[in-house]
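**Q** Residue-level listing of the chains:
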Amino acid sequence: MSNLVNLIISDIKISLRKKNESIISILFFIFSILILPLIFQGDQNILKEFLIGIIWFLTLLTIIFSVEKLFENDYEDGVLDQIYISGIPLETIFLSKSLSIWIITCLPIIILSPLLLLLFNLQTEKLVNVFMSLLIGTPILCLIGAITSALVLGFNKGSSIISLITLPLYIPVLIFGIEASNSEIIFNQISQEFKILIGYLLIVIAVSPWIGGLALKLKYR
Amino acid sequence: MSFFEIKNISCIRGNKLLFKNLNFKVFGRKLLLIKGANGSGKTSLLKILCGLLKPTSGSIKFNLNGKKIKSKEEYLIHVDYIGHENAIKGALTVKENLIFYYKLRWKDKDPRSIKSDLKQNIQFVTEHFNLQNLLDIKVENLSSGEKRRVSLSKLYLGPVIKSIWFLDEPTNNLDKKNSGIFLKMLKDHTAYHDRLTIMTSHDDIKIKNKTTITL
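Residue numbers (my numbering), protein chains in the order written: chain A, 1 to 221; chain B, 1 to 215.
Quick caveat, the hints were computed from the structure, so don't treat them as lab data.
Because the structure is a prediction, the values reported are computed rather than measured.
It is possible that part of the hints are untrue.
[Stated by the list, open to error] With a straight-line cut-off of 35 Å between C-alpha atoms, the simulated DSBU-like cross-links for lysine-lysine are:
| # | chain 1 | residue 1 | chain 2 | residue 2 |
| --- | --- | --- | --- | --- |
| 1 | A | 18 | A | 217 |
| 2 | A | 69 | B | 54 |
| 3 | B | 35 | A | 217 |
| 4 | B | 20 | A | 219 |
| 5 | B | 187 | B | 68 |
| 6 | B | 119 | B | 162 |
| 7 | B | 7 | A | 219 |
| 8 | B | 162 | B | 210 |
If we strip away everything but chain A, and leave its shape as in the complex, we get (with noise of 0.2 Å):
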């Protein structure tokens, strides 16, 4: 456990120093949903329908991207190869990357999108459906994106194989995420489709170490 916040505390503190790298992403995303109304020409109404199914694309094209080098960087430096010597199951390595890359990109997006829906004026209760899918939704794209980001390690064109292998494992996530952001809580039940999202935020959370363990392990075959 010490070993896993170990690596996330000092991921975190990289991501901090280089603050370009890792606040373009988020500007990306908030600056492409403030240019909406400028696409929508005005028009509320479409806009408003399209909304939350925007938010949760830029989502996906902003882990898409944080993702592509996830592991690429500790590779090329040397510093894979003496956590990995130090003794640290890859399985931890995998969890703390993929925890790193939720903590800086996706947690100032699950943040930042309701208070962005609110320029638009939607119901409060979506606002909070929103706020709830993404929490739920991104660390399953998240742990997807990592997985493959393990398995492509040390190839040059890692993000085009990135995206095409990753993309089927997406699409339910945007099904449902958006379907969930959607939903009404009828009297304080949650809807079938975030029910959906949680079973598979936990089959992800279950199966992905292992997985993207034995990735990372065929660098040292």
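Position chain B against the provided structure of chain A, taking the given hints into account.
**A** Quick look at chain B alone, frame taken from chain A:
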């Protein structure tokens, strides 16, 4: 009793045969120097021996104090590796890098016990490698030689000095004074019967108990 018994090791990397059917035994209290031209497979052999790469064929047996080490996890406890790359983070200061690696090496210990020894260990390492004035400087602002010194200082970090050091051209970018400090480290390390250093280098290392392999 030998540390390593290497049998018929071959290595192919990217369709290129680097070496074929290598056989040798390595004993403790020694420096094993791997020499060879560029691209001859020195780094690959080093990585194979320390467990970062698997050989294309052949087997390696490892013993420590007469006990056969069976699992990779058990083996890695005794191993330290300094590669071609310095493996230090440019965005972090020298002190932050040292603390990061210190904690990695104390992985199963109580964090409260770490704090008490951390200061002492970092102080020893920084004095040994003349890093006192560099502690609060970001690594990206250091010279190549200073970065190498920080990288080599990892060998003395943590609760114990590891039994086997794998070093890939460790004297790269070091000036005469710091090469001398490093040579003394090597002599100290190879003075113990249960320790071994395996390194690649183009330089001639003047040390008594040395064996050279040329690829």
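**Q** Each hint should be assessed against the structure and marked as holding or not.
**A** A quick look at each hint next to the structure:
The suggested pairing of residue 18 (chain A) with residue 217 (chain A) holds, with an alpha-carbon distance near 28 Å, which does not exceed 35 Å. Proximity of residue 69 (chain A) to residue 54 (chain B) is assessed by CA-CA distance (about 25 Å); at most 35 Å being required, the pair is judged to hold. Distance hint between residue 35 (chain B) and residue 217 (chain A) is fulfilled; the C-alpha atoms sit about 29 Å from each other, no more than 35 Å. Between the alpha carbons of residue 20 (chain B) and residue 219 (chain A) the distance comes to roughly 22 Å, so the proposed pair stays at or under 35 Å and holds.
Pair hint residue 187 (chain B) plus residue 68 (chain B) holds up; C-alpha atoms about 26 Å apart against a cutoff of 35 Å. For the hint linking residue 119 (chain B) to residue 162 (chain B), the alpha-carbon distance of about 20 Å falls within 35 Å, and the restraint holds. Taking the CA atoms of residue 7 (chain B) and residue 219 (chain A), the gap is near 23 Å; set against the 35 Å cutoff, the hint holds. At roughly 19 Å between alpha-carbon atoms, residue 162 (chain B) and residue 210 (chain B) fall within 35 Å of each other, so this suggested pair holds.
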